[in-house]
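Heads up: the sequence lines are chains D and S, in that order. Under the working numbering, the first residue of the first sequence is numbered 147, with each subsequent residue one higher. Under the working numbering, the first residue of the second sequence is numbered 18, with each subsequent residue one higher.
Be careful, since some hints might not be right.
Said to hold, decoys possible - From the derived model, a few chain S residues whose C-beta atoms are all more than 12 Å from chain D: (1) L434; (2) G484; (3) L493.
Unchecked claim - Restraint-style ranges between C-beta atoms, simulated for each label pair: (4) L142(S) / R358(D): 30 to 38 Å; (5) P375(D) / M67(S): 35 to 43 Å; (6) E196(D) / V490(S): 29 to 37 Å.
What the hints assert, rightly or not - Interface residues of chain D toward chain S, partial, derived using beta-carbon atoms under 8 Å: (7) Q215; (8) S218; (9) K296; (10) L337.
Just so you know, these hints were derived from the structure itself, not from any lab. This one's a predicted model, so the numbers in the text were calculated from it and none came from an experiment. Using N, Cα and C, we set each Cβ at its ideal position, and we do this for glycine too.
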Amino acid sequence: MSRLRIPLLALGLCVALAAASSAQGKYPKNVVMLVTHSSPGGGSDVFLRELSPYLARLMGVNLVIDNMQGGSGARAMAAVAKAKPDGGSFYATTPTFIYTSLLSRPAASYKDLEPLVNMFFDPEVLYTAADSRFKTLKDVLDAARQGKGKWGAANPASLERQVMERLKQKAGVTPVIATFEGGGDMLINVLNHTLDMGVGELQEISAQLDARKLRLLGVVGEARLPQFPDVRTVKEQGIDLSVRKFRGLAGPKGTSREVIAAWEAAVPKLLADPKYKALYTKNGLQPGFIPHAEYVKFMSEFGSQTEAFLKESGVIR
Amino acid sequence: MFSTLFELLFTTPIVPAAFGGVAWGILGGALPGISPSITMALLLPFTYGMDPTPALVMLASTYVGAEYGGSIPAILIRTPGTNAAAATVVDGYAMKLQGKAGEALGISLYSGFIGGLFGLIVLVLLTERLSSVALAFTPAAYAALGVLGLSIIASLSRESLVKGLMAGVLGLMISTIGTDPVTGLNRFTFDSPELLSGIPPILVMVGLYAISELFVQSGEPGWEHVPREKARIKFPNPAMWKRLAIPQLIGSVIGTIEGVMPGGGGTVSSFLAYNEARRWSKHKEEFGHGSPEGVAAPEAANNTVACTALIPMLSLGIPSSNSSAVLLGGFLIHGLVPGPLLFVQHSEVINGLYTGLFTANVAMVIVGYLMMTPCLWLVSRPKPFLMAFIYALVASGVYAIENSLFHVGVALGFGVLGYAMRYFKMPFLPMVLGVVLGFMVESNYRRALVLSGGDRMTFLQDRISAGLLIVAVIFLTGSLVRHAMDHRHARS
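I would like the entire structure built from these sequences, with the hints used as guidance.
This is the structure we're talking about:
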């Protein structure tokens, strides 16, 4: 009995010491819930689960991922908005939560949450089939100028649709824009040449890119992608358009300064962790830390831009 | 080829899923009133948390198991556990009266195994080549495919075309709830975020098939009490194998044809198989008085159907029977849309399903032998206890999908609707077809028009679309002619 007790005690001490040494910032909670609307194995869920071991070590807390599906994020938003603002629960944000807030009347909208910090951007890219007659974005736009363009966006009310509508406006062309039930659905129509061009997240099309069935036409962001240094941004190609599909966290209103400071300190370290960096680069994520004060502004701008777009296209009044 | 099969069998939980599904299916099939589609609908919500391949293998295996399970009470207490086992009652029960219950059950199990393997081979051969055409499916072709699927409604509603159409339109109406596929406008969502993505077909299926059946069952008296007796399965000897070969072949061929045909299903095929087996038998006089052939033919037929009914569902996304509609629901909750594309995008799921179905047919023989006693015990429980248990199972299963009480409410609502539909003798499958195919037809029709700039000729210019539409027209005219002839017959 006692023989067993000593190693156990030693082990306990070690754990306590390790926890004490890593928790320099004295984060107020031991357990932090990260709530996502995505189902186990879905986009945001995988993102959180891959991130949590690295982040937990940095912050000296236990991270629990809670899947609250349903209502396109409405349930998860309501739960976090109602939670105590003690740094114990956060919602994993993506543009979905803005869209859900604007499209329906959820119990809590994005305005009832406090944006915390941003971590990543999902790069949005324009692409066509590798054996398509279009070689560059200019080819696609020229064809559209003659009134024969067919472009695709994954979902009717989505950031991708917004990209295509804005591109159409800025380039002054009039293609038709068909929408689908998700990226995979649209991808097929790009591959069989029904569509001239599609738009989507890099990770959605990575399998087809690896198989050399697709050609990238441009990056709809501020900078080129490290994996594809030859692919120019849309801006470089003369069209002033750039979107940022964000991935970050938001908490209940009234989250304290200390808590925010702890996250602002931890996230840049997390993004610099070489092992984690290799992992997220492989998944096509771009690091994009935005500190709290800026993130609040970013989110409200993103919200009002999206609202303007939805009103313009007649989706909401 | 063999190494991948080997890998599939031993590195993924396909084998336990197949055995579990078969066991569940035999139990459900053995309970009178609980049909294969209900047994599957009960299991459906619980497959949500599993990986897609084992989840689908489990559901498909349930179908296989239920088709055998139905013959147990048919032989022992003269009450078919499933509709498809009704043809087995005649000679199966007669054999039991002659003290040959064990032989009858053995023949049923063995014939089901043969029929199932036959059906599986046909399934693999017929669906395998689809991946080559999948990429050629444009939005116009998908719209036409959906129209073909909806045209089945005409042949499903043989009793009353009007009622079938009413159920179909009801389904189409439900499919319009949610986000508009082209503009992104919200339709009939009443600002509720829960309705943004529409009503999941799985809730419609669980409500219509399982919950409404429970409502009906709770208003009916319990089934006949089974006397406690020992029925040990006796497998047939080689001499009997020879005699059963012909009726099994008849059953398998008829099962193949009926499985692929919309609205055919296990029940029609087992009666047809019984009749044909009698016509071609050397011992016609034994039929009706305990002929082993009279058990073999229908049981081979309904187990063949359990595989071949998947052909139109997998390859075209059109469920031709209630059970394959529920299996389709299993695909949908994992975000897999059956149809030509499935073979390209998720060939691993298809291969897993084939492997699982083979395992299920083997499992049926083993589990069927072992499950005899628990089945008999279960059937002799008081019915109210069983039904209460099943109610709880359904409610918790639906809740577990998204931890949502809203879903439980929706499913119960469809249960009430289903009860009303049973009362008015409205068929369920047209409604399910409407729910499942409505969105596909609408979104692809409008998408095709967006792409063609509003030119409707696009549906005829696309070769696949034109072909599918022609088949739909032929199909519709055929069913209408048959309806008219049935009417004239009825009058004269």
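Structure-based check of each hint:
With 12 Å as the threshold on Cβ separation, the claim that L434(S) sits away from chain D holds: the shortest Cβ distance comes to roughly 22 Å. With a closest Cβ-Cβ approach of about 17 Å to chain D, G484(S) is found to remain outside the 12 Å limit, as its non-interface label requires. Listed as outside the interface, L493(S) is consistent with that label: its C-beta sits roughly 27 Å from the nearest C-beta of chain D, beyond the 12 Å cut-off. The hint said 30 to 38 Å for the Cβ distance between L142(S) and R358(D), and at roughly 32 Å that hint holds.
In this structure, P375(D) and M67(S) meet the distance hint of 35 to 43 Å, their C-beta atoms being roughly 42 Å apart. Between E196(D) and V490(S) the Cβ separation comes to about 52 Å, which falls outside the hinted range of 29 to 37 Å. Interface restraint check: Q215(D) against chain S, minimum CB-CB distance 5 Å, threshold 8 Å, status holds. Nearest Cβ of chain S to the Cβ of S218(D): about 5 Å, under the 8 Å cut. The hint holds.
For the restraint placing K296(D) at the interface with chain S, the shortest Cβ-Cβ distance is roughly 6 Å, inside the 8 Å limit, so the hint holds. Taking 8 Å as the C-beta contact cut-off toward chain S, the hint placing L337(D) at the interface holds, the least distance being around 6 Å.
Of the numbered hints stated above, the single one contradicted by the structure is hint 6.
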